[in-house]
Structure formats: structure tokens, C-alpha cells
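Generate coordinates for the entire structure from the input sequences, incorporating the hints supplied.
All you need for my numbering is the position in the sequence shown, starting with 1, plus 695.
Just to be clear, a hint being listed does not mean it is correct.
Unchecked claim - Have a look at the derived ranges for each label pair, beta carbon to beta carbon:
| no. | residue 1 | residue 2 | range |
| --- | --- | --- | --- |
| 1 | Ile817 | Ala894 | 53 to 63 Å |
| 2 | Ala907 | Ser874 | 22 to 32 Å |
| 3 | Asp933 | Leu893 | 21 to 31 Å |
| 4 | Leu893 | Thr934 | 41 to 51 Å |
| 5 | Gln871 | Asp1000 | 13 to 23 Å |
| 6 | Ser901 | Val1069 | 45 to 55 Å |
| 7 | Arg744 | Ser874 | 24 to 34 Å |
| 8 | Arg1018 | Ile817 | 48 to 58 Å |
| 9 | Ser719 | Val1069 | 27 to 37 Å |
| 10 | Asp1000 | Glu902 | 46 to 56 Å |
| 11 | Ser839 | His878 | 56 to 66 Å |
| 12 | His878 | Glu954 | 29 to 39 Å |
| 13 | Arg1018 | Arg744 | 36 to 46 Å |
It is worth saying that the hints were derived from the structure and are not from the lab. The beta carbon of each residue, even a glycine, is placed where N, CA and C say it ideally should be.
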Amino acid sequence: MSEPLSPEEARHELYQIMNDEQASFEGKAERALSLGRQYLGVENGHLTRIDTDSDYWKAIASTDPPGGQFPAGLLLDLGTTYCRRTVEEGPMTLHHAGEQGWDDDQAYEAHELETYHGTTLIVDEEPYGTVCFVDNEPRGEPFSEEETMFAELLSRMLEHELRHQRTREQVERLDQFASVVSHDLRNPLGIAQGNIDLAREQQGDSEALATAGRALDRMEDLIDDVLAMARQSQDVTDTDIVELESVVDDCWATVDTSEATLNVASDCALQADPQRFQQLVENLFRNAVEHGGDDVTVEVGALPDADGFYVEDSGPGVPEDKRDDIFETGVSESEDGLGLGLAIVDGVVSAHGWEITVTEGEQGGARFEISAVVIG
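In C-alpha cells form, the structure reads like this:
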């Protein structure tokens, strides 16, 4: 048996375990349970998954070895476990179950556990399971308040990790789905574009073919927007130094800016994911042209009093009572838009850990200020 840990030592080790960015969820759970077992002085610790509808109990992670009483992967009837009461009534502790009136309980009869400390896990507002620490032998005294607080802290941290893991898996599935849909949509678009090109060669250009071509181009833009939207919740992990003016020039050449005018007032270097930063700038330019008209003037520059940059246009601006809503998905005044442009901008900003505000520019148009940017 390892040396007993003080409450401070136990908490310190727990924080170290949970802050290990290289470790998997399973690795963190196993190490946290081992720490809890050591601190509480019991034989085993388990992270369980419980389904009250089908009455099953499963050990997701366990300190018990494969040949032990409660190894990882073990399935039990929920009714034969103390955890059924924990899920129904909340945290529960037993230090000598046989002497505390549990000797005729089916859980005691099935497993003869004298010591039990169980806390509930809630993920996405639904019961997930429990974290429980058990021993076949009784304890000399009840669990202390500090021990119970530690077990509760451990449970809340595992709860957070489970939510994070679930969110990450959802993002990965959404990304895969978006990529497949994008591929499947682009194939027929490519065929349609090829037939338009062939018709132009055989018959010459016409207004009908030009309209069809513009519609296909719009579909390509929408596919790109949907892909960007699907990936916007992914945090930025790899950044590079990008020059604002260089990216702005590239984006201006890419976006259909018609007769609009670009003015780069000042330049700066900043840390960003180059591809996603370009998405941000392109969508701000599209927004300016869409709402400001073909002859709109767009100005870009470094913020004079903060780390960041701005994109300002000479269009009609954004009414003050609508400024909190324009970054929501689906908010668009364009008849052929999906309202994704500024939602994508907001997603890129959030993924970088930046902040964005919209105000009125010097010419009365919209001024988007992106701050909290790492400069240089």
C-alpha cells in the first residue's frame, strides 16, 4: 500500500492528471481512479456507465485487473449494485454496510462490499453513470468531509472530460459528414459545369447559359460556406505569422468585389491559422459588397489602440438593435444567402480566442473590430 496522501497532495496530483494534454480520456480516468483509491484507502475505483432503462451497469474504467472482481468492461445488472441508489438519490457512502442495515440488500448479497463511496456523473443534462470506490473490508470510520469533497471534485473533472470528449467526437463526425456531402455535391456540379462549357463551344454563349453558370458558381460558394461552418467549432491549434495586407490583397482578388474599392490603411503581422484567417477576411468582404452595393469602399487596417485589426465599409451599416444578432446562423437579408457568412466569421474568431465587435464606421457603414489578437 502506498503512503497516505494529504488532501493538498491528492488535489495537486489530480490537477496534474487532468491537465495532461497528451493523455487520452481513458488514461486520465485510470490514473484519477488509482489516485482516488490511494487517497481514500480502498481496494478499487470504477468509472461506470449506467442505463436505467435497460438496468445495466458497465465498468468503463477500473483499477481492478482483468481477472479481478470488477475489471473494466464488466457488465452487471444495475439492481445488484449500490450505484442504483446513487443514481436515484445522489452521492452515497458506506463504511460498514453489513452493520449499517444493508446486509439484506441485493447488492450486498451479490458482492459483499462493506465499503462504498459513489457520486453521480451528469453529461449533457442526462445521467451518465457513477464514480465509485469500493472495498470488501469495512473502514474503521466513515468517510471524512475532505475525502467526500475530493471524490466529488474527481467526479466533476471526469464529467468535464466526458463532455469535452463527446463534443470532440461530434465535431469529428460533423467534419466527416460535411466532407462527404461536399464531395458528393461537387461531382454533379462538375458534370453540369462541363456540359455548360460544351454547350458554349457548340452554340456560343447565351444569357441562359450565363445564368446557369452563375448559379453553379453560387452553389460552389454555398458548399464552401457549409464546409467552413461545419468546421468552425474546431479550436485553432497550429498558427503561423501572417501579414494582414498580403492576406487582404489575396482575398480581394478571390472574392467577387465588382466595382468596390479597397483601401489598406495600415498593416500588421499576427498569429493565425492562415486558411481560416483567409475565410474570415473573405466573408467580411462578401458581407460588405452584399450589403454596401457594387461601389462600396472597404477599408482594412490595424487597430490603433488594441492588438487586432478592423474591416470597415461605406455601406448602410448595422442598426444598433441588430448588432447582437448578426453573427447568428441563418441571419441574412440576402435572398440567395444562407446567413452563414458572419456566423463563419464569428466561429473563426472564437476558434482563435479572439473577440469581435461591430460598430459604426466613420462613413456610417459597418466596422468590424477583431481584438485580443497575438501580434507579430
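Each hint tested on the structure:
Separated by about 60 Å at the C-beta atoms, isoleucine 817 and alanine 894 satisfy the suggested range of 53 to 63 Å. As the Cβ distance of alanine 907 to serine 874 is approximately 26 Å, the hint placing it in 22 to 32 Å holds. Under the hint 21 to 31 Å, the C-beta atoms of aspartate 933 and leucine 893, about 42 Å apart, miss the expected range. Distance hint for leucine 893 and threonine 934: a CB-CB separation of about 44 Å, consistent with the stated range 41 to 51 Å.
Checked against the hint of 13 to 23 Å, the pair glutamine 871 and aspartate 1000 fails, with Cβ atoms roughly 43 Å apart. In this structure, serine 901 and valine 1069 meet the distance hint of 45 to 55 Å, their C-beta atoms being roughly 52 Å apart. Separated by about 30 Å at the C-beta atoms, arginine 744 and serine 874 satisfy the suggested range of 24 to 34 Å. Roughly 35 Å separates the CB atoms of arginine 1018 and isoleucine 817, a value that falls outside the hinted 48 to 58 Å.
Between serine 719 and valine 1069 the Cβ separation comes to about 29 Å, which falls inside the hinted range of 27 to 37 Å. The hinted range of 46 to 56 Å is satisfied by aspartate 1000 and glutamate 902, whose Cβ atoms lie roughly 51 Å apart. The hinted window of 56 to 66 Å between serine 839 and histidine 878 holds, with their beta carbons roughly 59 Å apart. Distance hint check: the CB atoms of histidine 878 and glutamate 954 are about 35 Å apart, consistent with the given range 29 to 39 Å.
For arginine 1018 and arginine 744, the hinted distance range of 36 to 46 Å is satisfied, since their beta carbons lie about 44 Å from each other.
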